[in-house]
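Numbering (mature numbering (1 follows the signal peptide of the UniProt record, and there is no 0)), first residue to last: -24 to -1, 1 to 417.
Hints listed in this document are in silico derivations from the structure and should not be mistaken for laboratory results. Here the structure is a predicted model, which means the values were calculated and not measured. Glycine residues also receive a C-beta, built at the ideal position from the N, C-alpha and C atoms. Hints may contain errors.
[As the list claims (entries may be wrong)] With a straight-line Cα cutoff of 25 Å, these simulated SDA-like cross-link-like pairs (lysine to any residue) come out:
no., residue 1, residue 2
1, Lys98, Lys173
2, Lys240, Ile274
3, Lys109, Asn156
4, Lys167, Asn226
5, Lys240, Asn156
6, Lys92, Ser51
7, Lys316, Lys245
8, Lys245, Gly179
9, Lys109, Lys184
10, Lys184, Ser198
11, Lys92, Gln52
12, Lys92, Ile130
13, Lys18, Ala118
14, Lys245, Phe208
15, Lys316, Leu291
16, Lys109, Ser198
17, Lys184, Pro211
18, Lys348, Asp305
19, Lys173, Gln52
20, Lys191, Asn156
21, Lys240, Thr317
22, Lys184, Ser23
23, Lys18, Gly197
24, Lys92, Ala11
25, Lys191, Glu212
26, Lys109, Gln52
27, Lys240, Pro211
28, Lys245, Val154
29, Lys316, Gln280
30, Lys348, Gln280
[What the hints assert, rightly or not] Taking CB as the label site, the calculated pair distances span:
no., residue 1, residue 2, range
31, Ser235, Ala320, 31 to 41 Å
32, Asp307, Gln150, 15 to 25 Å
33, Arg339, Pro211, 22 to 32 Å
34, Ser232, Arg339, 42 to 52 Å
35, Glu161, Gly351, 50 to 60 Å
36, Trp111, Arg339, 54 to 64 Å
37, Gln280, His325, 49 to 59 Å
38, Asp134, Asn72, 24 to 34 Å
39, Gly179, Asn14, 20 to 30 Å
40, Leu291, Ser235, 10 to 20 Å
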Amino acid sequence: MIRISNFELFFFLLIFDILPSTISILQNEDRVPNAPQNVRVKTQSTSATLWWDAPPDPTVLIRGYTVEYGEGSISQRILIEGPDSTSFTVTRLAPNTNYVFAVSAYNEAEGEDGTKVMVAAKTRPAEGLQTEKLWPPTSVRARIEEKSLGGSAIVSWDDPNPENAADNSIDATQRQYVINYGIYESDTQQKVRSNAKAVRLTGLIPGKEYEVAVKVVAGDGSESPWSIRDLFLVPETKKVSKFDWFCRLNDTEMCSIDSSPHWKLCTAKHDTYTQRDAGACPRVQYPSSPAHLTTPPISLPDAQHLCFYFRFALLNFHPGQMKVEIHPDGDTSNRQIVWKTRMANVRTHVVQNVYIPFSQQIRPFKVSVSLKWDGQPMPRVIVHEMDALSGGCSERSTVVPGGCVVPPLLTIKKRRRRIYLPGPILPRRLQTSFSSLFHRP
């Protein structure tokens, strides 16, 4: 009987060129495999294909490969079984995005996987989803927060781009908005990002005019052009008495306002067809005219100049009348009309900001906003806010957004009759001269 050592068997197999077919009998898993060789990658818009060569050491058993990838860093891992699988295609990638890929071999040896080979690549832009296909935001608007301690504004906008399936997938990147703002015609601009269609800008300088523009950034990294910029003025800081009265109507708070049965609280609504804030709006079944909203008693005896501010919107054309009256607390017979207008003069679907100056009130007083109409349904008016302020009104008190001027009333005495003429408020000395034309001794 002839005995052959392991060395002699190996030499015999090597001579007769049959070693490759039986090499597996010499492989072991005492250690992890070496790194794969010649790792390559080729990308499409939503996929990437990787190729590699097996590690060069044939004595270490390979049971499969690991493919890892992610945007900027590794976040996903895929196991491929079998030593002969030396290629793999990763799918569901985002177009026009930078990715990192890593390939390593593994077996059942104790310890970590084999050495990783990392490559980076960028997917191609998706056909038909170029940047210019995204529409810029519309209706960019800024609302000043006058009650905040520092200058601030809330900027909101509409996104005309519809949502798609990719935006709602589990691993999708959320759509964002970039807001660029700064002092008008200044070289210094700032940018902030928001996932919502509104953002609060703080640290604004009072008395300065600002410009703001917004663009859309989709989940795949594509961007829209900038929107049409909006200009807004941050008002000068005014000292406010601690007794000033504010009421911002919402869906739960009426601020102790005394209201007629015509009113109810309605919630904010922002969709394709309706853009409105919360406030007091008419009921579906409402009684006859008139309707009123009256403040609780307000005490500002030390204020030399007072201002009543209210914000409302008219949703349909109506020939009725709206007026603002002031009367002492407990004395409704002594009413003073400080503002009145025909609603036919008010532009519909535009938020009106009305500032009404009035004289000092030594006694506690109430302010009433009332509507009057004849022979037709109640006008669809939403009242958003009512404030009584010390220190007087701003110079831009009669100008409202959208270019619409709500005409105040000029009261002229003529033969004990009161005539209401719509027009701008005149300076006090001109009112005196104008009234003298109608006065008879």
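(message) What's the verdict on Lys316 and Lys245, does the C-alpha distance respect the 25 Å limit or exceed it?
(response) violated (29 Å)
(request) Check the following: the C-beta atoms of Asp307 and Gln150 are separated by a distance inside 15 to 25 Å. (result) Given a distance of about 58 Å, which is not inside 15 to 25 Å, the answer is violated.
(request) Given the hint that Lys92 pairs with Gln52, test it: the Cα-Cα distance must not exceed 25 Å. (result) holds (14 Å)
(message) Does Pro211 sit within 25 Å of Lys240, going by the straight-line distance between their CA atoms?
(response) Roughly 32 Å separates the two Cα atoms, so the pair is violated.
(message) For Lys18 and Gly197, compute the direct alpha-carbon distance and say whether it is at most 25 Å.
(response) holds (20 Å)
(request) Check the following: the C-beta atoms of Ser235 and Ala320 are separated by a distance inside 31 to 41 Å. (result) violated (24 Å)
(message) A range of 24 to 34 Å was offered for this pair. Does it hold for the Cβ distance of Asp134 and Asn72?
(response) The hint (24 to 34 Å, Cβ to Cβ) holds, given that Asp134 and Asn72 are roughly 26 Å apart.
(request) Mind checking the alpha carbons of Lys245 and Gly179 for me, to see if they're no more than 25 Å apart? (result) Outside the cut-off at roughly 29 Å; violated.
(message) So if I understand the rule, the pair passes when the alpha-carbon distance is 25 Å or less; does Lys240 with Thr317 pass?
(response) holds (23 Å)
(message) So if I understand the rule, the pair passes when the alpha-carbon distance is 25 Å or less; does Lys191 with Asn156 pass?
(response) holds (9 Å)
(message) Looking only at beta-carbon atoms, does the pair Trp111, Arg339 fall within the given range of 54 to 64 Å?
(response) Roughly 57 Å apart at Cβ, these two residues keep to the hinted range, so it holds.
(message) Given the hint of 10 to 20 Å, is the C-beta distance from Leu291 to Ser235 inside that range or not?
(response) holds (18 Å)
Consistency with the previously given hints fails for numbers 1, 4, 5, 7, 8, 9, 10, 12, 13, 19, 22, 25, 26, 27, 30, 31, 32, 34, 37 and 39, ordered from lowest to highest.
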